[in-house]
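> Using the sequences and the hints given, assemble the complete structure.
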Amino acid sequence: MMPATNNRVVDVIVIGGGLIGLSSALALQQQGMRVTLLEASILARHASSASAGGVRSLNRHPAEIALARAALPLWATLAKKLGHPCGFNVSGQMRVAEDANAFDALAARAALTQELGYTHEQLIAASELRSRLPLLAPHCHGALVVEEDGFADPLATVHAYRQACITAGVSLHEGVRVLTIAKDAAGLHLHCKAVADTNQSVTHAIEYRCHCCVNAAGAWGGEISTSVGEPVPLRAVALQMAVTEPLPHFASTVVGCQGRKLSLKQTAAGAVVIGGGFEGQVHADWRYGLRGTLNHAFAAQNLANAVALFPHLQQVRVVRQWAGIEGMISDTLPVLGHSVSLPGLVHAFGFSAHGFALIPVVGPLVADIVGGRNINLPIEAFSVDRFKQKRNTRAA
Amino acid sequence: MNDSVDAIIVGAGPAGLAAAAELAKHRLSVCLLDEQIGPGGQIWRNTKPTHQWPGVIYSPASTVIDICAQKTISVTWLQHSLAGKIMRESRARALIIATGAMERPLLFPGVQLPGVMGIGAVQSVFKQAQLVPRGPGVVLAGHGPLLLLTAIQIMEQGASIDAVLDLSPPGTQQNAVKYLPGALMADPSLLIQGIQLIRSFRKMDIRVWKNVTALKATGDGCVEQVQFVANGCQQKLPARLLAVHDGVLPNTQLTRLMNLKHRWNEPQQSFVPLTQADGLSSHPQVWIAGDGVGIAGVDLAVQRGQLTGLAVAQALESSPSHKAKQRDNKNVGLLEHSISRRLPARHFVDTLYPPLLIDHLATADTIVCRCEAITLATIHSAIAQGAVGPNRIKTFTRCGMGACQGRQCSTHLTRIVAQETGRPAGVVGALRIRPPLKPTMIADYLSMALTNSQVVDTTV
Numbered sequence: 088m089m090p091a092t093n094n095r096v097v098d099v100i101v102i103g104g105g106l107i108g109l110s111s112a113l114a115l116q117q118q119g120m121r122v123t124l125l126e127a128s129i130l131a132r133h134a135s136s137a138s139a140g141g142v143r144s145l146n147r148h149p150a151e152i153a154l155a156r157a158a159l160p161l162w163a164t165l166a167k168k169l170g171h172p173c174g175f176n177v178s179g180q181m182r183v184a185e186d187a188n189a190f191d192a193l194a195a196r197a198a199l200t201q202e203l204g205y206t207h208e209q210l211i212a213a214s215e216l217r218s219r220l221p222l223l224a225p226h227c228h229g230a231l232v233v234e235e236d237g238f239a240d241p242l243a244t245v246h247a248y249r250q251a252c253i254t255a256g257v258s259l260h261e262g263v264r265v266l267t268i269a270k271d272a273a274g275l276h277l278h279c280k281a282v283a284d285t286n287q288s289v290t291h292a293i294e295y296r297c298h299c300c301v302n303a304a305g306a307w308g309g310e311i312s313t314s315v316g317e318p319v320p321l322r323a324v325a326l327q328m329a330v331t332e333p334l335p336h337f338a339s340t341v342v343g344c345q346g347r348k349l350s351l352k353q354t355a356a357g358a359v360v361i362g363g364g365f366e367g368q369v370h371a372d373w374r375y376g377l378r379g380t381l382n383h384a385f386a387a388q389n390l391a392n393a394v395a396l397f398p399h400l401q402q403v404r405v406v407r408q409w410a411g412i413e414g415m416i417s418d419t420l421p422v423l424g425h426s427v428s429l430p431g432l433v434h435a436f437g438f439s440a441h442g443f444a445l446i447p448v449v450g451p452l453v454a455d456i457v458g459g460r461n462i463n464l465p466i467e468a469f470s471v472d473r474f475k476q477k478r479n480t481r482a483a
Numbered sequence: 323m324n325d326s327v328d329a330i331i332v333g334a335g336p337a338g339l340a341a342a343a344e345l346a347k348h349r350l351s352v353c354l355l356d357e358q359i360g361p362g363g364q365i366w367r368n369t370k371p372t373h374q375w376p377g378v379i380y381s382p383a384s385t386v387i388d389i390c391a392q393k394t395i396s397v398t399w400l401q402h403s404l405a406g407k408i409m410r411e412s413r414a415r416a417l418i419i420a421t422g423a424m425e426r427p428l429l430f431p432g433v434q435l436p437g438v439m440g441i442g443a444v445q446s447v448f449k450q451a452q453l454v455p456r457g458p459g460v461v462l463a464g465h466g467p468l469l470l471l472t473a474i475q476i477m478e479q480g481a482s483i484d485a486v487l488d489l490s491p492p493g494t495q496q497n498a499v500k501y502l503p504g505a506l507m508a509d510p511s512l513l514i515q516g517i518q519l520i521r522s523f524r525k526m527d528i529r530v531w532k533n534v535t536a537l538k539a540t541g542d543g544c545v546e547q548v549q550f551v552a553n554g555c556q557q558k559l560p561a562r563l564l565a566v567h568d569g570v571l572p573n574t575q576l577t578r579l580m581n582l583k584h585r586w587n588e589p590q591q592s593f594v595p596l597t598q599a600d601g602l603s604s605h606p607q608v609w610i611a612g613d614g615v616g617i618a619g620v621d622l623a624v625q626r627g628q629l630t631g632l633a634v635a636q637a638l639e640s641s642p643s644h645k646a647k648q649r650d651n652k653n654v655g656l657l658e659h660s661i662s663r664r665l666p667a668r669h670f671v672d673t674l675y676p677p678l679l680i681d682h683l684a685t686a687d688t689i690v691c692r693c694e695a696i697t698l699a700t701i702h703s704a705i706a707q708g709a710v711g712p713n714r715i716k717t718f719t720r721c722g723m724g725a726c727q728g729r730q731c732s733t734h735l736t737r738i739v740a741q742e743t744g745r746p747a748g749v750v751g752a753l754r755i756r757p758p759l760k761p762t763m764i765a766d767y768l769s770m771a772l773t774n775s776q777v778v779d780t781t782v
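Chains as they are written, first to last, in our numbering: chain A, 88 to 483; chain B, 323 to 782.
Be aware that one or more of the hints could be misleading.
DEER-style ranges, computed between Cβ atoms [unchecked claim]:
{"no.": "1", "chain 1": "A", "residue 1": "A371", "chain 2": "B", "residue 2": "Q374", "range": "40 to 50 Å"}
{"no.": "2", "chain 1": "A", "residue 1": "R322", "chain 2": "B", "residue 2": "T394", "range": "24 to 34 Å"}
{"no.": "3", "chain 1": "A", "residue 1": "R217", "chain 2": "B", "residue 2": "L768", "range": "20 to 30 Å"}
{"no.": "4", "chain 1": "A", "residue 1": "F337", "chain 2": "B", "residue 2": "D325", "range": "30 to 40 Å"}
{"no.": "5", "chain 1": "B", "residue 1": "S660", "chain 2": "A", "residue 2": "A371", "range": "33 to 43 Å"}
{"no.": "6", "chain 1": "B", "residue 1": "L768", "chain 2": "A", "residue 2": "F337", "range": "12 to 22 Å"}
{"no.": "7", "chain 1": "A", "residue 1": "A292", "chain 2": "B", "residue 2": "L596", "range": "26 to 36 Å"}
Residues from chain B that keep clear of chain A, each with C-beta distances beyond 10 Å, as calculated [stated by the list, open to error]:
{"no.": "8", "residue": "E357"}
{"no.": "9", "residue": "I474"}
{"no.": "10", "residue": "T494"}
A few chain A residues facing chain B, derived, Cβ under 7 Å [unchecked claim]:
{"no.": "11", "residue": "L242"}
{"no.": "12", "residue": "H246"}
{"no.": "13", "residue": "E332"}
{"no.": "14", "residue": "A384"}
{"no.": "15", "residue": "L390"}
{"no.": "16", "residue": "A391"}
{"no.": "17", "residue": "Q401"}
{"no.": "18", "residue": "V403"}
{"no.": "19", "residue": "R404"}
{"no.": "20", "residue": "V405"}
{"no.": "21", "residue": "R407"}
Because the hints were derived from the structure by calculation, they are not lab data. Here a beta-carbon is modelled for each residue, glycine too, at the ideal position from N, C-alpha and C.
Rendered as structure tokens:
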């Protein structure tokens with residue numbers, strides 16, 4: 088049977104319907120491009136729905152600090168821009184030190200960012216820490232704080248971007264998995280397989296044509312980059328999270344910890360969202376590509392870390408746990424920028440469990456890259472080429 | 323602490339117990355987990371175990387947290403022992419899910435008020451603690467055998483019931499009559515039980531209102547009054563307790579948590595797990611027995627439990643003797659025959675007590691998700707914005723993200739979307755279920771936390 092062909096050539100196809108893809112698609116459409124977004128299963132099915140929702144410039148890899156700082160003011164106006172609430176809260180983010188060694192490590196970190204020309208990370212001592220978080224365990228020595236950081240609601244943000252894309256005229260397609268991208272005289276040619284209904288497994292072949300393409304395929308972004316001859320060291324991981332029943336407010340900031348895998352925040356409704364990077368198991372899934380299951384020993388350790396800082400949480404009930412699929416790059420930095428092997432392809436994937444904060448700045452950045460405009464933010468460190476260079480360096 | 327058995331059974335009700343007995347007869351090792359403090363499930367509550375089967379470890383007051391079925395079955399569960407609560411991880415070659423049924427939640431204005439509860443809850447309290455509602459202001463509303471039975475049981479213990487509001491739509495009995503002859507042939511004992519139930523109920527001489535519509539519970543902070551329409555007139559009754567019932571449906575919380583395949587059962591308006599005749603699910607090492615396969619009552623639950631126990635024994639036994647094989651095959655045949663002969667009687671019961679339509683009683687501001695206080699109007703709005711199923715409704719509205727973990731709202735979400743969009747319920751799908759199976763205290767997880775030496779922090 089001949090594959091179905093979408094004969095219309097669109098300006099840009101965005102591969103991947105997570106928040107990076109949605110943000111990119113929206114920015115491109117608003118720049119006047121005709122955009123089609125292709126999502127293999129369901130919009131935001133993986134990392135974007137599983138996200139902890141942290142909007143954090145605190146303790147970033149130095150290469151990402153500029154991007155994260157640029158994102159913060161964009162979060163403040165995002166709900167208005169998209170026409171839907173995103174639950175953004177400028178709660179501040181803190182990294183707590185439990186002993187003198189940890190506090191010294193935080194001080195060293197603060198010195199590092201200052202050397203790089205930033206002043207956003209501030210040390211606070213035990214007394215101020217205790218006045219801001221009265222229920223924090225008394226042994227804590229102090230913390231590194233960024234006041235302008237915060238968190239947002241991932242599901243509300245997904246909903247807001249989705250509605251804004253629809254309103255702007257982005258053509259959204261679910262159940263379409265891109266298999267190969269080829270270049271010919273007419274532009275880029277995508278071979279895909281599609282399902283009629285995400286509850287069914289029968290697929291049919293379908294093709295799309297475009298001038299430019301954005302690889303925002305998250306944990307599958309490495310498959311796309313490999314298929315065009317530029318493999319990257321990406322690993323699909325299942326990151327574990329837990330959320331509790333609502334309780335009276337006790338955490339006015341997002342709390343992390345120097346020396347423990349922990350990220351803890353309390354939503355407006357009072358539920359406590361607990362994560363920190365513990366990995367579950369990744370399994371193949373006929374419907375969604377991949378899914379995660381929990382490693383319960385790690386889940387228990389995550390909760391033990393939360394209790395170490397906030398002992399009163401012992402009496403609180405966990406209502407839901409999950410392990411969402413995310414793509415981790417070996418150096419924890421994303422792949423962002425032009426493809427080297429395929430002109431017309433732009434990569435924007437591999438945000439390694441800290442992409443949520445960057446959503447509002449990455450979309451417009453991708454639009455600028457595609458449009459050939461000046462990029463005002465440093466993105467050289469995110470080049471797809473960096474792994475090849477490293478390999479060449481090692482071989483030399 | 324890791325341990326390993328031949329089979330793990332979740333649920334020590336009639337089906338689970340029957341399966342355990344069968345496996346014990348075949349000298350297989352079994353871990354029988356149940357969350358109640360005593361065996362018997364809902365129907366045989368407050369019974370004490372009198373028998374010890376060798377090879378069966380019965381663990382009451384135990385909660386399943388999560389089950390992973392890859393190459394082996396791995397059950398993470400919370401054991402309530404004399405030493406306190408310990409999180410355990412047990413492995414098995416086979417899993418039998420026998421978690422029974424739950425009440426179908428009823429949607430009507432005021433359902434969320436304190437003092438409104440399911441009739442099953444009233445019966446559970448009575449059976450477990452011998453408590454019945456006392457004094458005036460006790461009103462029952464709904465239809466179904468459990469409503470009649472509970473009314474009889476609590477009246478016999480001294481409760482007084484001001485009124486029973488029969489929510490059966492007009493014409494239901496005439497509709498069901500055509501299945502009566504078939505039911506009589508299939509399972510006469512079921513009908514005899516039903517007739518006895520109705521007779522005993524009539525003897526109690528409780529005020530019954532028929533063809534009730536527009537049910538509303540009103541009150542300030544708790545139920546104070548029940549309003550309804552009967553015989554074309556608006557009625558009001560003072561009430562302190564309103565017990566409602568719209569039948570029972572299979573409890574699919576665990577089967578959905580495990581991503582087993584399900585199908586939509588149209589007459590029972592609920593998802594049921596996809597199973598073969600012996601209870602084998604869509605996973606080769608997982609079986610389901612009892613009302614969880616489809617509502618069929620206690621007698622069939624016992625038979626299904628026996629059949630599944632036999633099927634699992636046959637699957638696990640390495641080299642049974644020829645005589646044993648013959649005996650087992652014969653028993654399997656007898657049980658399958660008996661079950662398939664009796665099952666058609668359910669057509670009659672399902673038609674006599676059909677699940678009520680959502681808009682039979684629900685209005686736009688009726689709360690569908692009680693945990694997050696989401697109304698029917700909000701759900702319709704989400705559907706209008708493109709939410710094509712329960713999981714999308716969840717992401718749009720937070721419906722299903724609360725402490726009940728979707729138990730109250732999940733089936734309704736499927737039915738509302740199916741009705742609104744015209745798509746079949748089986749295609750619309752069900753709410754995705756995540757662990758823990760029941761909300762679990764953080765303190766109870768800590769026994770499984772790694773020691774400090776095992777934790778490596780790799781954050782930047």
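> If a hint holds in the structure, say so; if it does not, say that too.
Checked hints:
no. : hint                        : verdict
1   : A:A371 x B:Q374: 40 to 50 Å : holds, 43 Å
2   : A:R322 x B:T394: 24 to 34 Å : holds, 25 Å
3   : A:R217 x B:L768: 20 to 30 Å : holds, 24 Å
4   : A:F337 x B:D325: 30 to 40 Å : holds, 38 Å
5   : B:S660 x A:A371: 33 to 43 Å : holds, 40 Å
6   : B:L768 x A:F337: 12 to 22 Å : holds, 19 Å
7   : A:A292 x B:L596: 26 to 36 Å : holds, 29 Å
8   : E357                        : holds, 15 Å
9   : I474                        : holds, 36 Å
10  : T494                        : holds, 33 Å
11  : L242                        : holds, 5 Å
12  : H246                        : holds, 6 Å
13  : E332                        : holds, 5 Å
14  : A384                        : holds, 6 Å
15  : L390                        : holds, 5 Å
16  : A391                        : holds, 4 Å
17  : Q401                        : holds, 4 Å
18  : V403                        : holds, 6 Å
19  : R404                        : holds, 4 Å
20  : V405                        : holds, 5 Å
21  : R407                        : holds, 5 Å
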